[in-house]
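Asks: Keeping their order, the protein sequence lines are chains S and A.
Just so we're on the same page, the working numbering is the position in the first sequence counted from 1, plus 1431.
Just so we're on the same page, the working numbering is the position in the second sequence counted from 1, plus 429.
Hints are all accurate, no fakes.
Computed cross-link-like contacts, DMTMM-like style, restricted to lysine to aspartate or glutamate with a CA-CA straight-line distance of at most 20 angstroms:
#1 S:K2004 / A:D852
#2 S:K1955 / S:E1968
#3 S:K2004 / A:D851
Chain S stretches covered by chain A per the calculated footprint, using a threshold of three residues with CB under 8 angstroms from any CB of chain A:
#4 1592-1599
#5 1611-1619
Bear in mind the hints are in silico, worked out from the structure with no lab data behind them.
Note that this is a predicted model, so its numbers are computed, not measured.
All residues carry an ideal CB built from backbone N, CA and C; glycine is no exception.
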Amino acid sequence: MTAFSLPPSGVSRRSAFSLWDLVVVLLVLGVLVFLAEASRGLMQPLPEPGAEVISLDPSALPEYALRTSLRMLAAMVLSLLFTFTYATWAAKSQRAEQVLIPLLDILQSVPILGFISVTAVFFMSLAPGRVLGAEFAAIFAIFTSQAWNMAFSFYQSLRTVPRELVEASHSFRLSPWMRFWKLEAPFAMPALIWNMMMSMSGGWFFVVASEAISVGDTTVTLPGIGSYIALAIAQRDLGAIGWAIATMLVVILIYDQLLFRPLVAWADRFRFEQEAGVAPPRSWVLNALRRSWLLSLAVVPLGTAWRWTYRMEGAPTYPAPIIAREGKAAAWADRFWYTTITLVCLLALWKIIAFVLEDVTPAEVGTAVLFGLATMVRVFVLIALASIIWVPVGVWLGLRPEAARIAQPIAQFMAAFPANLLFPLAVSAIVVLRLDPDIWLSPLMILGTQWYILFNVIAGASTIPSELRDIGTNLHVRGWLWWKRIALPAVFPFYMTGAITASGGSWNASIVAEIATWGDTTLKAHGLGAYIAEATEGGDFHRIVLGIAVMSAFVVVINRAFWRPLYALAERKFRFG
Amino acid sequence: MATTPLLDIRGIRKSFRRPDGGELLVLDGIDLTLAEGEIVGLLGRSGSGKSTLLRLIAGLSAPAAGSISYLGQTVTAPPRGIAMVFQGFALFPWLTVLENVQLGLEALGLPPDEIRSRAIAAIDLIGLDGFESAYPRELSGGMRQRVGFARALVVHPNILLMDEPFSALDVLTAETLRTDFLDLWSEGQLPIKGVILVTHNIEEAVLMCDRILVFGSNPGRILKEITVELPHPRARLDPNFRDLVERIYVEMTARPDAAPAGKRLERFPGAGIGSILPPVSSNLLAGLLEAVAAPPYDGKADLPVIAASLHMEIDDLFPVAETLQMLRFAEVAGGDISLTAEGRHFAGSGTDERKRLFAQHLLSYVALAAHIRRVLDARPNHRAPWSRFADELEDHMSPDAADQTLRAIIGLGRYAEVFAYDDHAHVFSLDNP
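Isolated chain S, as found in the complex (with noise of 0.2 angstroms):
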């Protein structure tokens, strides 16, 4: 035996009460507190339509924060469970993964604003009269726009784990159960929490949109910042605008602080590859709950109650890649499957082509492509323009690192920010000076979304190894060159992965941005953003469906023909290593 003797694992040896104990106490009573508070509303009637339920008093304020928060944790909570159970099964059977997938990459080009409209109905059916299946609804639609890419990083994730850790992890027979959360969770730890905050961005932009939507005859108003704002602009209320947005900026700052920073912090141990100098990020929140004893008491049982689930399972056999399927019984069954899928994807579509064409001719089918080809040309001349302000901007701030270290951190900030809370002030002024709403509105698209563009040039202008800026000066490269043969093709891989998010953001975004109310004013541009707004405004689910499909199609055509080239060019091409 060793001279001394360790504590018995996760119990600190202090047994006194320390003031982390404290923080923690106070954290968990907050947290409790939060909870019973915002699930307290959800059982009740839905108010009579036409009944005040939102109050324009900054003093309610931090209950509708709250309830708004409340939705997003939900939603959360969901997409996580969805990633684990699809993402998994996806990467566990071949024949799931060929479905799964495709389904995946089409459901990421579904503007999430059209989840909306088509399940807003359904929801309010499940659980008619009351709030709950409003906040079905909303919940639903949040997750919609947190699940999926969620889902696709965990999926390479588990599709990337190193194959030696894998044969370890079968010659000491552990059980798939244990293998996933000994092996496969933690590896995807890191790729998914950064995932999630990415979700958590997209978030909020949509939680301001669904707590306030109405459906044809179907209206939903849920107590929430997002109706706030709506009840704002509909009074023309700039003050409250204002509140609106400070209580955003807080709640935000809240989440990062109380959730995320702890979450990097914690799953920095996770990370595969280390790179030596990096200072690992730190949270004072995980340091309180690493160094209370309260805590650790709280959960070294629930610790041996996780472990004891591990010895559930029966005996390992063969990995799963080893067993071929072979023979004809199998040839058949893969038959039989691909007819299937081929024959769901038809019926499907045929059902899509018959209920959109009950009501819409054909001619507006055209009418409809050439509004996306309208928001098209918006979203790339938006790109273009943001890239040439942000590439240059970012690629300053990354070289120098402690700009960098001021600006990276303002940068997400803004990307997780709701654009769509500062539309009200953009639209105020387009009002006031009367400009044409064609071309002004447009650039709301991308007000969320060019920060995507910029945090992550910054990030890759810091990674360009000093020995490639040295022989730059030592060369005597300057100027243009410079930015041709150095800086450029360093942050080209960084900016692809920017110019995509932000893209993707802008498509999402341009149902709200492309038309736009104030009090009793309405503002509209030219394109299939607008299209699907006044669509759903009208409740009319023939050119709803119509508007989706042809902004999924969009989506997914420039996904695959334009930027997935890109891409795989950026990565072979100029990636470092």
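Once you have looked at the hints, place chain A on chain S.
Replies: Chain A only, in chain S's frame:
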């Protein structure tokens, strides 16, 4: 006494399915037994299927034919009682040393107290005390592999499988770890009854093993069984040790006595269009030619000697030597490498003459290079896509091997300036040759 051996392997055959539906045979007709108290070495070059065999024994994959029985039981899943040490350590970076070592015990569902005491005992045994709470990234390679050993030993396996466990370590660290392992083994302190060691390092095999099985490639098979009767501890400079190393070098460079049916017996084998080319840089070719041409070798060198002086292992040295043989700049036999007249001429020439000579030999003796050049010459625009040749090669070899072979021929072709290749467009051409 003639009890059941620890491990009994009969007629193992393993193949991988190729994308086009064909079969790629990687192991054929393998018989092996492991008795109690034995360390058996599987020695061969990369691609000889020895790691594949180890994974079959570990129950990580299933053989196509033949049987593997462990203590009389057929292996159908990773068996209790067989533990493995990995080349890349395969530690879980998010678990501490202690947690890594406990992993296998937790999977066995033992009581927590026993898990803990056994893990700490294994950590002490392998010389890791004080590092229990460290994460793998905080440790050096040698300490990481100690964790790998502790993790394998803690489950008290009967058989320990080692997959090139020292090859990712530097020379000194590897030697310390080997010696520590052998000390524990010969003192009977390890809970294991037999060891199978996969290695491509001849000296390592002679240092550690009681029996060495020399593997050949295409398909992987056992060429020779060599019993090592030197007493422990073995000294590398002992003449008997050197003799044995030399003997194994001779075995490994021996030409097959009888050519397998359907293959021509050539003085310089391996230049047909279907042969897999190893990735060898032209720098290494020139370097080895110069080294052998220079004193003290003067054109003929003993492979173990020159390997030691150049700090190269057989996996590094053999492909270079064989490529030189294929280009007829050198001949490899009987554990020796000797330069041909052209080889000496190459070593004594300047860049331009070297390139001319190299191009001439490449086109004359390497069928694939000549073939590519011919295709390019015949086409009006002197261009041909990668897939033109990749498809052709895949009739003879796996897609990975075809990829590697094309990469290798591109490297040689570029050096010889007999054709050019644009990796962006995946096109071979005669541009600026």
